[in-house]
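So the sequences go chain by chain: A and B. My numbering applies: residue 5 is where the first sequence begins, and numbers increase by one. My numbering applies: residue 3 is where the second sequence begins, and numbers increase by one.
These aren't lab readings, by the way, just hints derived from the structure by calculation. Everything numeric in this text was worked out from a predicted model, so none of it was measured. Some clues are possibly wrong.
Straight-line alpha carbon distances no greater than 20 angstroms define the calculated SDA-like cross-link-like pairs of lysine to any residue that follow [as the list claims (entries may be wrong)]:
{"#": "1", "chain 1": "B", "residue 1": "Lys51", "chain 2": "A", "residue 2": "Gln83"}
{"#": "2", "chain 1": "B", "residue 1": "Lys93", "chain 2": "A", "residue 2": "Asn170"}
{"#": "3", "chain 1": "B", "residue 1": "Lys133", "chain 2": "A", "residue 2": "Asn170"}
{"#": "4", "chain 1": "B", "residue 1": "Lys67", "chain 2": "B", "residue 2": "Gln207"}
{"#": "5", "chain 1": "A", "residue 1": "Lys214", "chain 2": "B", "residue 2": "Gln157"}
{"#": "6", "chain 1": "A", "residue 1": "Lys214", "chain 2": "B", "residue 2": "Leu136"}
{"#": "7", "chain 1": "A", "residue 1": "Lys214", "chain 2": "B", "residue 2": "Pro131"}
{"#": "8", "chain 1": "B", "residue 1": "Lys93", "chain 2": "A", "residue 2": "Lys214"}
{"#": "9", "chain 1": "B", "residue 1": "Lys199", "chain 2": "B", "residue 2": "Gly209"}
{"#": "10", "chain 1": "B", "residue 1": "Lys51", "chain 2": "A", "residue 2": "His82"}
{"#": "11", "chain 1": "B", "residue 1": "Lys144", "chain 2": "B", "residue 2": "Ser129"}
{"#": "12", "chain 1": "A", "residue 1": "Lys152", "chain 2": "B", "residue 2": "Lys55"}
{"#": "13", "chain 1": "B", "residue 1": "Lys55", "chain 2": "B", "residue 2": "Gly78"}
{"#": "14", "chain 1": "B", "residue 1": "Lys133", "chain 2": "A", "residue 2": "Ala145"}
Covered stretches of chain B (in silico footprint by chain A; criterion: 3 or more residues with CB under 8 angstroms from a CB of chain A, positions within the stretch not fixed) [claimed, not checked]:
{"#": "15", "stretch": "85-94"}
{"#": "16", "stretch": "109-115"}
{"#": "17", "stretch": "121-130"}
Glycine is no exception: its CB is placed at the ideal position from the N, C-alpha and C atoms.
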Amino acid sequence: MILEDFFLRALVAGIGVALISGPLGCFVVWRRMAYFGDTLAHSALLGVALGLLLGFNLTVGIIGTAIVIALTVTLFQHQKKIASDTLLGIMAHSSLAISLVVLGLLQGYRVDLLSYLFGDVLAVNYEDIYWIYGGGAVALALLAYIWKDLLALTLHEELARAEGINVTLIQTLFMITVAIVIAIAMKVVGVLLITSLLIIPAAAARRFAKTPEQMAIIASLIGSLSIILGLFGSLEWDTPSGPSIVVAEVILFLGGLIFGGLFLSRKTHSP
Amino acid sequence: MNIQNDNAATPHIAPPTSESDLNCGCGHDHLAPLPSGEPLIHAENLTIKFGGKTAIQDVSLTVHKNEIVTLIGPNGAGKSTLLRALLQALKPTQGEVWRKHGLVIGYVPQRLNIDPIMPMTVERFLSIPDKRPLPEREAALKDVGAHHTLKQAVQSLSGGEFQRVLLARAILRKPDLLVLDEPVQGVDFQGQTELYKLISRLKEQVGFGILMVSHDLHIVMAETDRVICINGHVCCSGAPTQVSDSPEYLALFGGQTKPGLAVYHHLHDHSHDCEHDHSPPTSSET
Numbered sequence: 005m006i007l008e009d010f011f012l013r014a015l016v017a018g019i020g021v022a023l024i025s026g027p028l029g030c031f032v033v034w035r036r037m038a039y040f041g042d043t044l045a046h047s048a049l050l051g052v053a054l055g056l057l058l059g060f061n062l063t064v065g066i067i068g069t070a071i072v073i074a075l076t077v078t079l080f081q082h083q084k085k086i087a088s089d090t091l092l093g094i095m096a097h098s099s100l101a102i103s104l105v106v107l108g109l110l111q112g113y114r115v116d117l118l119s120y121l122f123g124d125v126l127a128v129n130y131e132d133i134y135w136i137y138g139g140g141a142v143a144l145a146l147l148a149y150i151w152k153d154l155l156a157l158t159l160h161e162e163l164a165r166a167e168g169i170n171v172t173l174i175q176t177l178f179m180i181t182v183a184i185v186i187a188i189a190m191k192v193v194g195v196l197l198i199t200s201l202l203i204i205p206a207a208a209a210r211r212f213a214k215t216p217e218q219m220a221i222i223a224s225l226i227g228s229l230s231i232i233l234g235l236f237g238s239l240e241w242d243t244p245s246g247p248s249i250v251v252a253e254v255i256l257f258l259g260g261l262i263f264g265g266l267f268l269s270r271k272t273h274s275p
Numbered sequence: 003m004n005i006q007n008d009n010a011a012t013p014h015i016a017p018p019t020s021e022s023d024l025n026c027g028c029g030h031d032h033l034a035p036l037p038s039g040e041p042l043i044h045a046e047n048l049t050i051k052f053g054g055k056t057a058i059q060d061v062s063l064t065v066h067k068n069e070i071v072t073l074i075g076p077n078g079a080g081k082s083t084l085l086r087a088l089l090q091a092l093k094p095t096q097g098e099v100w101r102k103h104g105l106v107i108g109y110v111p112q113r114l115n116i117d118p119i120m121p122m123t124v125e126r127f128l129s130i131p132d133k134r135p136l137p138e139r140e141a142a143l144k145d146v147g148a149h150h151t152l153k154q155a156v157q158s159l160s161g162g163e164f165q166r167v168l169l170a171r172a173i174l175r176k177p178d179l180l181v182l183d184e185p186v187q188g189v190d191f192q193g194q195t196e197l198y199k200l201i202s203r204l205k206e207q208v209g210f211g212i213l214m215v216s217h218d219l220h221i222v223m224a225e226t227d228r229v230i231c232i233n234g235h236v237c238c239s240g241a242p243t244q245v246s247d248s249p250e251y252l253a254l255f256g257g258q259t260k261p262g263l264a265v266y267h268h269l270h271d272h273s274h275d276c277e278h279d280h281s282p283p284t285s286s287e288t
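Please take these sequences and the hints and turn them into a complete structure.
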């Protein structure tokens, strides 16, 4: 089979995103931030709307908006009046709704809303690939830099603080990393499915890992495999690419569950 | 506490010189033997308020090298609050915390639940946050008597095993000060005795200072150099062995002693003829 250029670009872009979303997704899972990731993803659409409205680069707009939202949520989480999942829900849906309204008001732009919501990886161009690999490399470097401290504070925040880790700095850098990854992952699966790219490979990797680092690497591999399977599936059956990738992830996750249940003994649990 | 032999380098706040916190006007001598090590951490007149409510009032304390200090007090007395202030997780409303320059702290938290979603072996856990050579990790585990757990998942350990692993991790940091928050919680009596002996032995070997927190009716190690009783303020303090001869001993230490251990009963209505009020301030301890 001869692969078309656009399909190769899609594969390269998808795998680039999967490589960084594996380790980052592990932290999203460990820190129970799935809903937080969802909120940031929704807010990414606000970045698109603002970028179109004010005329700056959309990827920069997305990263900027995601960082602002991430820091705002972090600040607000210290207050006790509104529960944090309520707060996240308000942020997620208000930013989604506001951006749809703004996009609706932007006369003259033919915005392909579906491609933002569900991704259009088959349409990525070389500029997108540069963004994905450039942004991905920055995100990966940041994550590698904060890895050991972030791991310590994920285990026990007070312990990390007591032993001299600058918790606020590490958390802020982590938020920035999440924002970057969401901005680049959006090109592959769209805002509504980004969280799945983060959490499903990580959750699937859990059973096959003994250490956090193993889980991160296995999550990257499972993510990349999902990209390959999803894209070929999408080509074969003419299905939308983003959702096909997510379906492939779910199949791998369930396969892992069954395989793990059959062949791997469960040695963990109950302290 | 009583530091006449203070010779520490002096950064911004005065290193410990006051002995007023020991003196609660009770007439008898609360003083422990003079600590011989250098001061590691010193809190001076700490007052912490949460939204107008006072959790701790005017508390001072010092921990020296080679010394075991045990904080004791009933629930809600402000022990955790004080500890958080010492660990700089909380900014005191008044007062200051002085630390030796470059102080390395090894911390054993009261509770550390590792979610099963995070894969973690004991071997890997000992390298948190900083990587330690494997032989060092194995030696530390041997030291605490948990060598057999090396390859196990931390989630599969018993309470006592996990406490030992936590201790090993803290020691691997080569700390100047070891902070233990209720280190024997969830450990059976036999295990508690062993853990306390272990802590004491490690102190002799390595020579760090130890700050330990214990709650009411808890077993305090006999090796403790000083017990500081907190009930919103420093209620009383002194060496267990010294006060054991005094009439206060029965009120303080309940009479029942086992070899190697002293059982401490905190009586809320105990009287030692002090001028000040022993009732706790309205506290909102975490």
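Comparing the hints with the structure gives:
For the proposed pair Lys51 of chain B and Gln83 of chain A, the alpha carbon gap of about 18 angstroms is at most 20 angstroms, so the pair holds. With a CA separation close to 15 angstroms, the supplied pair Lys93 of chain B and Asn170 of chain A stays within the 20 angstroms bound. A threshold of 20 angstroms between alpha carbons decides the hint, and for Lys133 of chain B with Asn170 of chain A the separation of about 18 angstroms falls inside it, so the pair holds. The hinted pair formed by Lys67 of chain B and Gln207 of chain B meets the criterion: a straight-line CA distance of about 13 angstroms does not exceed 20 angstroms.
Pair hint Lys214 of chain A plus Gln157 of chain B holds up; C-alpha atoms about 11 angstroms apart against a cutoff of 20 angstroms. Under the criterion of a C-alpha separation no larger than 20 angstroms, the hint pairing Lys214 of chain A with Leu136 of chain B is consistent with the structure, at around 17 angstroms. With a CA separation close to 17 angstroms, the supplied pair Lys214 of chain A and Pro131 of chain B stays within the 20 angstroms bound. With a C-alpha separation of about 38 angstroms, the suggested pairing of Lys93 of chain B with Lys214 of chain A is violated against the 20 angstroms cut-off.
With a C-alpha separation of about 15 angstroms, the suggested pair Lys199 of chain B and Gly209 of chain B falls inside the 20 angstroms cut-off, and the hint holds. With a C-alpha separation of about 18 angstroms, the suggested pairing of Lys51 of chain B with His82 of chain A holds against the 20 angstroms cut-off. Restraint check for Lys144 of chain B and Ser129 of chain B: satisfied, since their Cα atoms lie roughly 16 angstroms apart, inside the 20 angstroms limit. Distance check on the hinted pair: Lys152 of chain A and Lys55 of chain B sit about 37 angstroms apart at the alpha-carbon level, beyond 20 angstroms; violated.
As the CA atoms of Lys55 of chain B and Gly78 of chain B are separated by approximately 12 angstroms, the hinted pair is consistent with the 20 angstroms bound. Taken as a hint, the Lys133 of chain B and Ala145 of chain A pair is honoured in the structure, with Cα atoms around 19 angstroms apart against an allowance of 20 angstroms. Three residues within the 8 angstroms Cβ limit are the bar, and the stretch 85-94 of chain B against chain A gives 4, so the coverage statement holds. By the rule of at least three residues with a Cβ nearer than 8 angstroms to a Cβ of chain A, the coverage given for the stretch 109-115 of chain B holds, with 4 such residues.
Counting residues of the stretch 121-130 of chain B whose beta carbon lies closer than 8 angstroms to any beta carbon of chain A gives 5, which reaches the threshold of three, so the coverage claim holds.
This entry does not satisfy hints 8, 12, going by the numbered hints stated previously.
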